[in-house]
Amino acid sequence: MVDPALALVVADHFTFFGLVATHADTELQRILLEGADSGRVVGCIAQRELRAEGAPFNTEARYDAHEKCFFIRGTGKFAVVAAEFADWAIVSATLTLHKSDNQGTYLFLVPLREGGRLRKCVSVSPITSENDTLSSCGVSLIHFEEVRVEPNYLLHPFTVTKDGRVSYVEGKQTDISVLDVLQTRTRLATGAIYVGLMKKLLSDMVYFVSQKEVVGPDFRRNYPYFGIQHVQSALVSLVAKAYVYLIGWQRMLSSFTDMSSKLPRYEDHMKLTGTVHFLQEMLTNLNTFALEFVGIHAILSSSVIDSASAVVQLRKEGLDNSTLIREVAFKCVTKNIGTTHWGWWLTSFLQSLPSLDRLVKNPFYSPRNAELGRHYIFFSHKHYATKHRLRWSRELERRRGGSEHQWYDWVMFQHREVVHCGEAFMEMHFMDWIMNETQNCTDPRGRKLLRDVGWIYALTRQMDRLDFILSKQMLSEAKAVVLVSHLDNLVTVLAPQCVNMVDAMGLPDPFRAPYGLSEMESYWTIPGTNAHIQRGDKVALRQPKYEEGGSTKAEQETAREEEAEFDLFHGLADHPSYSKKRN
Numbered sequence: 001m002v003d004p005a006l007a008l009v010v011a012d013h014f015t016f017f018g019l020v021a022t023h024a025d026t027e028l029q030r031i032l033l034e035g036a037d038s039g040r041v042v043g044c045i046a047q048r049e050l051r052a053e054g055a056p057f058n059t060e061a062r063y064d065a066h067e068k069c070f071f072i073r074g075t076g077k078f079a080v081v082a083a084e085f086a087d088w089a090i091v092s093a094t095l096t097l098h099k100s101d102n103q104g105t106y107l108f109l110v111p112l113r114e115g116g117r118l119r120k121c122v123s124v125s126p127i128t129s130e131n132d133t134l135s136s137c138g139v140s141l142i143h144f145e146e147v148r149v150e151p152n153y154l155l156h157p158f159t160v161t162k163d164g165r166v167s168y169v170e171g172k173q174t175d176i177s178v179l180d181v182l183q184t185r186t187r188l189a190t191g192a193i194y195v196g197l198m199k200k201l202l203s204d205m206v207y208f209v210s211q212k213e214v215v216g217p218d219f220r221r222n223y224p225y226f227g228i229q230h231v232q233s234a235l236v237s238l239v240a241k242a243y244v245y246l247i248g249w250q251r252m253l254s255s256f257t258d259m260s261s262k263l264p265r266y267e268d269h270m271k272l273t274g275t276v277h278f279l280q281e282m283l284t285n286l287n288t289f290a291l292e293f294v295g296i297h298a299i300l301s302s303s304v305i306d307s308a309s310a311v312v313q314l315r316k317e318g319l320d321n322s323t324l325i326r327e328v329a330f331k332c333v334t335k336n337i338g339t340t341h342w343g344w345w346l347t348s349f350l351q352s353l354p355s356l357d358r359l360v361k362n363p364f365y366s367p368r369n370a371e372l373g374r375h376y377i378f379f380s381h382k383h384y385a386t387k388h389r390l391r392w393s394r395e396l397e398r399r400r401g402g403s404e405h406q407w408y409d410w411v412m413f414q415h416r417e418v419v420h421c422g423e424a425f426m427e428m429h430f431m432d433w434i435m436n437e438t439q440n441c442t443d444p445r446g447r448k449l450l451r452d453v454g455w456i457y458a459l460t461r462q463m464d465r466l467d468f469i470l471s472k473q474m475l476s477e478a479k480a481v482v483l484v485s486h487l488d489n490l491v492t493v494l495a496p497q498c499v500n501m502v503d504a505m506g507l508p509d510p511f512r513a514p515y516g517l518s519e520m521e522s523y524w525t526i527p528g529t530n531a532h533i534q535r536g537d538k539v540a541l542r543q544p545k546y547e548e549g550g551s552t553k554a555e556q557e558t559a560r561e562e563e564a565e566f567d568l569f570h571g572l573a574d575h576p577s578y579s580k581k582r583n
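The sequence shown begins at 1 in the working numbering and counts up one residue at a time.
Among the hints, a few may not be true.
Listed next, with one range per pair, are the computed distances between beta-carbon atoms [what the hints assert, rightly or not]:
| # | residue 1 | residue 2 | range |
| --- | --- | --- | --- |
| 1 | L483 | H405 | 31 to 41 Å |
| 2 | Q439 | E555 | 57 to 67 Å |
| 3 | R416 | D268 | 22 to 32 Å |
With a straight-line cut-off of 30 Å between C-alpha atoms, the simulated BS3-like cross-links for lysine-lysine are [as the list claims (entries may be wrong)]:
| # | residue 1 | residue 2 |
| --- | --- | --- |
| 4 | K68 | K120 |
| 5 | K172 | K335 |
| 6 | K199 | K448 |
| 7 | K262 | K335 |
| 8 | K262 | K331 |
| 9 | K120 | K162 |
| 10 | K68 | K172 |
| 11 | K262 | K316 |
| 12 | K316 | K199 |
| 13 | K448 | K479 |
| 14 | K448 | K212 |
| 15 | K172 | K331 |
| 16 | K472 | K335 |
Derived by calculation from the structure, the hints in this document are not laboratory data. Ideal Cβ placement from N, Cα and C applies to all residues, glycine included.
Working from the sequences, and respecting the hints, build out all of it.
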């Protein structure tokens, strides 16, 4: 069975040793890297603090010029994965050379244990009896009280010179901060965990819903639960989103894993940030769907649904779920990234002239995925408009009062616009990726599936943000009304393929939860009690009126409905509660 706690520990462990391999002192590399794969030495990452959200941190690394070493102290690190049994930690701390001399945030290698026992000045308090996942992966608080750390434990490319100044290591001067390297690698590990969890949860839910049957129109329990529209639309939309995010993840990942190419571009880092945000949102949506439609299985620990929430909270950056997408929007606006070509200005201008707009845009649609091209243009216009408004607003506030006015405008007055700008940037790229995937697919049936996946994704995103789209008049009211039925029709087409689509994700049967197994009923049945049971699917409820009135057309036409008094609150009743019966 899948163990999210183990995934969390392994992710931080190998992130730790990856940073040791590239940014640690040679002597430390020789000591630590020997025990990396065997698990003889366990590493963890200590960045989160209880009060200080971001730099400057309360944890301080003070350099003592007489002792020629650092002393780390402070309120400590909160919710550190694997801290209960880790031997070493990478700790982010504010470096001070003198009493009140803040040199910025740096990363230090700190030994937590010697010979399996905690060092004298290190205190670890495990978070127990709060959450099963947190207890399983050894989440703890770490407190440092004047922990002595040698100068070479400061991660490269920085070092402390003989005269007590922070400088670059000779020959390792670079523009890329070690903090940025750690952030990128952490996000890559986070995305990988999210993708695995998403595949597992989605596979289990699709299998569970596809097996269930409810009472249908003929009063027999033979109607598929998956066939009910409000269940089907929600689940198929999640499947379509998952496929789009998987395609985006694979295409974006090549920029970071291909060592033969150049370093990842600035825009690649934005795509990574946005993809991790949407994977995180996907896990939250899956959790909500499970609570609404899966029933009692959603709260069982074997279902890993509650563990997914714990994973999201442990891997999340910032306090709220929109931190990453706001970062994407900030980079879009300040660096003017996305929809910068003059063509987007032209098509945006032509939106006010519908006939001319159609004349200009129609030739640019690809006949193979014309609908996807339309939605790509829609999301691009959304990004162009939101970015344009935010850039104009920031420039206005800069002239009024500088950076302080800009901050208040961004956080207080434009906070909705900011999220929509970042989301539109990623929606545009997701549509581009799914269009490329559709065009590269040589199987005609697979191409139709991918086209429908992209189509449903685009309509679902528009439904999710319909309030904003209507408030900015990006869709007419008539088109917005049609949007719901349009989505329901497309979802019905893709629904029969959902089981095959989650099978294609390749989740092994031992990794499935009990509620997602094909033999779910036999798993939960008490052994020996399920023999010689004859069970019918007919439910003994009232029969339909046409059966009572007769089977021929004439009999049914002459049949009258029996007089029945309905109580609005309690169903059938002799004396309705809302009115007195007249004589």
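Could you tell me which of the hints above the structure violates, numbers in ascending order? Those not satisfied: there are none.
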